[in-house]
Each structure stands twice: as structure tokens, then as C-alpha cells.
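K.L.:
Chains A and B supply the protein sequences, listed in that same order.
First residue of the first sequence? That's 1 in our numbering, and the numbers climb one at a time after it.
First residue of the second sequence? That's 1 in our numbering, and the numbers climb one at a time after it.
The reader is advised that the hints may include incorrect statements.
[Claimed, not checked] Here are the simulated DSSO-like pairs of lysine-lysine, each with C-alpha atoms no more than 30 Å apart in a straight line:
id : chain 1 : residue 1 : chain 2 : residue 2
1  : B       : Lys36     : A       : Lys2
2  : B       : Lys48     : A       : Lys137
3  : B       : Lys90     : A       : Lys3
4  : A       : Lys184    : B       : Lys48
5  : A       : Lys56     : A       : Lys103
6  : A       : Lys187    : B       : Lys48
7  : A       : Lys5      : B       : Lys45
8  : A       : Lys137    : B       : Lys45
[As the list claims (entries may be wrong)] Pairwise CB distance ranges (calculated):
id : chain 1 : residue 1 : chain 2 : residue 2 : range
9  : B       : Asp28     : A       : Gly147    : 41 to 49 Å
10 : B       : Gly106    : A       : Val177    : 21 to 29 Å
11 : B       : Val85     : A       : Leu181    : 41 to 49 Å
12 : B       : Asp28     : A       : Pro173    : 51 to 59 Å
13 : B       : Leu94     : A       : Lys137    : 25 to 33 Å
[To be verified] Which bits of chain A does chain B cover? Going by a derived footprint, with three or more residues having C-beta under 8 Å, they are:
id : stretch
14 : 6-20
15 : 120-133
16 : 188-198
The hints are simulated quantities; they were obtained by calculation from the structure and are not laboratory data.
We treat Cβ as the ideally placed atom computed from N, Cα and C, and that holds for glycine.
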Amino acid sequence: MKKIKVLTDFLEPNDAVARQNREIFKKHRVLVLNLMSSPGAGKTLILEKTIEKLKKGFKFAVIEGDVATSNDAKRLARYNIPVVQITTESFGGACHLDASMVKEAMQGLAFSSIQILFIENIGNLICPAEFDLGEDKKVIVLSLTEGEDKPSKYPVVFRNADLLLINKIDLLPQLDVNLNLILKNTKKVNPQLSSVMLSAKTEQGFKKWLNWLVREYKSKSKLI
Amino acid sequence: MKSFLESVRKTVMHEMAVADSVAKIVQDKMKESGEKGTIRRINLKVGKLTCVEPEALRLSFKVLSKHTPLENASLVIDSIAITAVCRDCKKKLLLKEMDFTCPHCGSFRMEIKTGRELLVESFEID
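Next up, chain A with everything else stripped away, as it sits in the complex (with noise of 0.2 Å):
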């Protein structure tokens, strides 16, 4: 038997699609963020009121990741911006976008005329970690409902994301759930991480988010 030396990382060819996606971004000055949870954290209704609240001062799309139905893309088509949906149902259904999926849906998008792209990612903590769509920043959403041992049980992803939004904040009352521990747990596997803690239903620290993301557009867009 002969051996040929490879030493290629897997992800190379996902990569490499991920880079040309990045340099498009880049040249059109557009802020990416991927988001990601578990299902039914609320990644939607977070999306739906950020652009309610500041579509007067930016210009969104929205690439919409799902398995089997359209109806998050139906939600936020409501705000007369564009969205591209992803949907993977008669395939088995695909449990995270790819960047050459991402790289295909672009394709449907008009740069020139958008400032922040949303990726809603499939819900889902495992898949989507490893894989880089181009983007600016991973922001994972994690609901007060979910518990404390997420971060435990997915480090992955955790350890991949820039920036934590916990949701479901005004549940806190009527839930057994202990918020430092879900703190703790996060600083054990991402010490770096920074959290924002939230309600989209009651709007409740949105405000310290969607801080953050005008900073981060800033710092994109070379404004400061």
C-alpha cells in the first residue's frame, strides 16, 4: 500500500465558498449576521421587530433558512423588504445552510440597495456551528424556556458566536429557570462571549441590542 499525504481540512471546500460570499459583502459594505438557536427561541420575532424599528434608518434583506415551510419568510415579507427563502423539505430536509446555499440565494439580492443582511439560520444548535456562510458576526438566540445547560450541552456553537441575545427575559417571574446559571454555563465554554438579555414580546432590553447592531454596521461601513 502507498500513502499520499493530504492534510486538507473537511471544511476547505465550504470555506472557500464562505471567503467569496465574504469578499461580496465587503465590497458592498454589507453588515451579515448569521443567527442562530434552538427552534422556537424566537429568532423571528426578534428579526420582525428590529426591522420595524429601524427600517427607517437601514436597509434589511433577510435570507430565510428552513426546512419545510415558508411562513418566517411570509412574516417578514410584510415589511416590504427583500427576502430569500431557503427550503430544504424534499431533500430530508438539510439542518443547517451552507455557504453555497447562502451563495445561491444571494443571487436574488440587490447589494447595492441593502445595508444588513439577516441569515436565519435552521433551528438548530448542532449543524450550523461549524459552518461559515460569510458573515460578519454569529449571534445565537436563547430562550429563558430552554434552561441552563444549552451551553453545557452545544458548546460549539457557543464558542463560535460574538454575541449572545437571551430571550423570553419577561418570563424570568414565572419560570424555575436561574438566569446566573445560564451566565455561568455560557462563561465556562466562551468567557468572551457578550450576552443581551431580552423580550421581543415586550421589547423589553431591545434597546441595547439593536445598539449593538447599529455599532456593529458602523464599524462595517467605515462610518465612524
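Use these hints to put chain B onto chain A, whose structure you have.
P.N.:
Showing chain B alone in chain A's frame:
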């Protein structure tokens, strides 16, 4: 539209996407090397700080490589432990759980040394 759906098909399960990527890397290298033999083994390094499950990867590869030049190849997966160095007390650590707190000084400032690998190391032909 067809090429888009084809790209979706490749990602039904993420180990499937990873297996596809491994196959592509090996076939490209084979072409580049000009070798003509049958590929028998593919040696991979998979860190424990990744979302790749070795058994799911093996199964995906088996399904995907059927009726291709790689169908006689088996995956040999070397699972790499998570090791780190504490930036504060400088001690070397082997992490059994994904807890990035230093057991010696309580610091969170860890530098991960190994555990993130997702590497096609080599393949063997005869």
C-alpha cells in the same frame, strides 16, 4: 434552480456534507498525484471540539461512495482529545468535559491547543 437543489441535497445531514467534502478532497488529490491504484483507506483527524460524529460520518461516507472510485475505501478516524494551556497559570490541561475553566487557578483564559481538527490527513492506495 436545479444546481441549487443539488447543493441542498448534499446537506441533508451535516455529516453527509462533511463526507462529500472528504470525497472531493481525496479525489482531487488523487487526480493531482497522477496515481492509478484503488483507494483502500482514508485517514482522518476529528477533534472532539467539533460537531462531527464519527459513526454518522462513516455511515454517510459508505452511502455516498457507493458506485464511485471510493467505494472500496474505509474511513480511519483518529479522534483528537481537547487539550488547552491556561494563559494565567500556564498549566497544560486535558479537558474531559467542555468546561473551559482552569481546574488549577479558576481562570477562563484558555488557549485551545487540540480538539478542533477536521483534517484529511492521508489516504492509502494499492
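K.L.:
If a hint holds in the structure, say so; if it does not, say that too.
P.N.:
Hint by hint, here is what the structure shows:
1. B/Lys36 / A/Lys2: Cα-Cα ~11 Å, so holds.
2. B/Lys48 / A/Lys137: With a Cα-Cα distance of about 24 Å, the restraint between lysine 48 of chain B and lysine 137 of chain A holds, given a limit of 30 Å.
3. B/Lys90 / A/Lys3: Violated, at roughly 38 Å.
4. A/Lys184 / B/Lys48: 22 Å, holds
5. A/Lys56 / A/Lys103: 28 Å, holds
6. A/Lys187 / B/Lys48: Holds. Lysine 187 of chain A to lysine 48 of chain B sits at ~19 Å (cutoff 30 Å).
7. A/Lys5 / B/Lys45: 13 Å, holds
8. A/Lys137 / B/Lys45: 28 Å, holds
9. B/Asp28 / A/Gly147: 41 to 49 Å: For glycine 147 of chain A against aspartate 28 of chain B, whose Cβ atoms are near 44 Å apart, the range 41 to 49 Å holds.
10. B/Gly106 / A/Val177: 21 to 29 Å: 25 Å, holds
11. B/Val85 / A/Leu181: 41 to 49 Å: With a Cβ separation near 27 Å, valine 85 of chain B and leucine 181 of chain A fall outside 41 to 49 Å, so the hint is violated.
12. B/Asp28 / A/Pro173: 51 to 59 Å: This hint holds: roughly 57 Å between Cβ atoms.
13. B/Leu94 / A/Lys137: 25 to 33 Å: 31 Å, holds
14. 6-20: It holds: at least three residues are needed, and the stretch 6-20 of chain A offers 9 whose Cβ sits within less than 8 Å of chain B.
15. 120-133: As far as the stretch 120-133 of chain A goes, the hint holds, because 5 residues have Cβ atoms under 8 Å from chain B.
16. 188-198: holds (count 4)
Against the hints set out earlier in the document, violations occur for numbers 3, 11.
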